[in-house]
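Use the sequences and the hints to build the structure in full.
Residue numbers (the UniProt record's numbering), protein chains in the order written: chain A, 1 to 247; chain B, 1 to 222.
If you're looking for bench data, these hints aren't it; they were derived computationally from the structure.
One thing to keep in mind: the hints can contain errors.
Claimed, not checked - In silico negatives: residues of chain A with every beta carbon more than 10 Å from chain B:
| id | residue |
| --- | --- |
| 1 | Asp25 |
| 2 | Met31 |
| 3 | Leu34 |
| 4 | Asn41 |
| 5 | Gly72 |
| 6 | Pro77 |
| 7 | Lys92 |
| 8 | Arg103 |
| 9 | Met124 |
| 10 | Leu144 |
| 11 | Ser150 |
| 12 | Asp151 |
| 13 | Gly191 |
| 14 | Met206 |
| 15 | Thr217 |
| 16 | Glu226 |
Said to hold, decoys possible - If the Cβ cut is set under 7 Å, some of the chain A residues that face chain B in the computed set are:
| id | residue |
| --- | --- |
| 17 | Tyr22 |
| 18 | Gly94 |
| 19 | Val98 |
As the list claims (entries may be wrong) - Label pairs and their computed distance ranges (CB to CB):
| id | chain 1 | residue 1 | chain 2 | residue 2 | range |
| --- | --- | --- | --- | --- | --- |
| 20 | B | Pro88 | A | Ile130 | 35 to 43 Å |
| 21 | A | Val24 | B | Met1 | 45 to 53 Å |
| 22 | A | Asp30 | B | Ala2 | 48 to 56 Å |
| 23 | A | Ser118 | B | His27 | 45 to 53 Å |
| 24 | B | Ile207 | A | Ile130 | 42 to 50 Å |
| 25 | A | Glu148 | B | Leu22 | 31 to 39 Å |
| 26 | B | Met1 | A | Glu148 | 53 to 61 Å |
| 27 | A | Lys16 | B | Leu78 | 23 to 31 Å |
In this text the structure is predicted, and so the values were computed from the model without any measurement.
The beta carbon of each residue, even a glycine, is placed where N, CA and C say it ideally should be.
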Amino acid sequence: MKVTFKIWRQENRNTKGAIKEYKVDGLTEDMSFLEALDHLNELLVLKNEKVIAYEYDCREGICGQCGVFINGRAHGPHDNITTCQLHMRSFKDGDTIVVEPWRAASFPVLKDLIVDRSAFDRIMEQGGYITAKTGTAPEANAILIPKEVSDSAMDVAACIGCGACVATCKNASAALFASAKINHLNNLPQGHPEAHKRVQEMTYQMELEGFGSCSFTGACEVECPEGISITNIAEMYAKYTKAKLFG
Amino acid sequence: MAVNKLFFRKTIIAGTGLFLCLFLIVHLSANWILLLPEETARELYNSYATTLRENLFIKSISYILYAFIVLHVIYALLITIHNRKAKPQKYVVNHFLQNSTWTSQNMGLIGTMILLFIVVHLANFWVRVKLGMGEIIELDAIGNLDVYEVTFSLFHNIYYVIFYTILMIPLGLHLNHGLKSAFKTLGFYHKKGLRISAKVSLIYAVIISIGFGVIPFFVYLK
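This is the structure in structure tokens:
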């Protein structure tokens, strides 16, 4: 299998980047997309050229590291997957594949396809946790949680913080990420004591980081590897209003 | 803690937008008088127009309406400027139509077309009828300003007929996305309810855009 990669190359956050073309032969349909990039990097090493910088860790869709924009879509042409779950069989022999880093002012490019997503960490620092005594594990049934509540919390706790929601959003809004993290904890009894503070502080940090507004295009839920629904954003708005009124 | 700017601006857009949606229902119901035969329509329409101008309650509502249109536009502009800053660099390739609708991605552009429509519409009616500027409007048989005649002559100009009808397409698109999004922005998150609100928004947008869009044609054919 032979494809042409058009990949964004950028030395560091202070330099200007550009798309560079690479014709790559010797790929197979069974290769994952990241393996195809590995293959290209091996060819670059042999030619004594700088390898393409991109992030990955688990290669099984749970770490959220491998986010890149492939042929005009976050994580490639399929809905609700990560880049590491994308395989070369999704492309045809002779295809041109354009690979770009996430685009958002809050996610500056560090090198080639790697962006700095620490803005998400700073949002988490403002309330993406519960305050509890550490020590031995508490009795499992000490706090009873209805199944539907734990299910809904789990649905959003599944967010892996990959940043595809921000990347695909025309406004670079982090509303889906923030709402997932807020609703996860605010809907559980353990999160209730800090619920009002959490929603206000995490969303305030989101604003400080320079993310845009949500326009409800719905693109984020299509690109989210966990399929987190945009109704969570509406729920976050409701929680925010409640916190402002009663918090 | 300070009010979140991102949320505050969207809430203003949603709140003013919902009010404008209500206004359009009232506006359309009254304008359907124009579809009646001329002998009935002229008198009825002119009396209605006089009531709108002279009733104190409606007058105060009209000031709220002007204010809300201005607020809707200003906040849309502020949000757009902020959003552009949040995404300064575009993708070389972006197939956004595979994950969202064209309308949802272009609300600003569609809104600008509607704003252009509003300016032309106000210049044709509001400036002449309310401000008394431009060509003098005659009185009808019972002494009301003959606003029907203003409409009648305007919609016998084929260019205006086309303009008024074509611009109802962006209005319909804007209303469909705007209405269902407004519910979400205002914190309505019941999943089944949102599915219903999406259907209601679509039906509403179709009725309003086609409802307004057919009027110029009907008047033109009279």
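CB of A:Asp30 to CB of B:Ala2, is that within 48 to 56 Å?
About 54 Å separates the Cβ atoms of A:Asp30 and B:Ala2, which means 48 to 56 Å holds.
Less than 7 Å between beta-carbons is the criterion; does A:Tyr22 satisfy it with respect to chain B?
violated, 15 Å
Given a hint of 23 to 31 Å, does the C-beta separation of A:Lys16 and B:Leu78 actually sit inside it?
Since A:Lys16 and B:Leu78 have Cβ atoms about 30 Å apart, the given range 23 to 31 Å holds.
Check on A:Met31 being off the interface with chain B, judged by Cβ distance over 10 Å:
holds, 22 Å
Quick check for students: does the CB of A:Gly72 sit more than 10 Å from each CB in chain B?
violated, 4 Å
A:Pro77: least C-beta distance to chain B exceeds 10 Å?
Given that some Cβ of chain B is not farther than 10 Å from that of A:Pro77, nearest at about 8 Å, it is violated.
Under the criterion of a CB-CB separation shorter than 7 Å, is A:Gly94 in contact with chain B as hinted?
violated, 17 Å
According to the definition I'm using, a residue is off the interface if its beta carbon is farther than 10 Å from all beta carbons of the partner; does A:Glu226 meet that for chain B?
holds, 15 Å
Taking the shortest Cβ-to-Cβ distance between A:Met206 and chain B, state whether it exceeds 10 Å.
A:Met206 not clear of chain B: closest Cβ-Cβ about 7 Å, inside 10 Å.
Taking the beta carbons of A:Ser118 and B:His27, is their distance inside 45 to 53 Å?
holds, 50 Å
Can we trust that A:Asp151 is non-interface, i.e. its beta-carbon lies farther than 10 Å from all of chain B?
holds, 13 Å
Confirm or reject the claim that B:Ile207 and A:Ile130 have a C-beta distance inside 42 to 50 Å.
holds, 48 Å
Taken one by one, the earlier hints fail for this structure at numbers 5, 6, 8, 14, 15, 17, 18 and 26, listed in ascending order.
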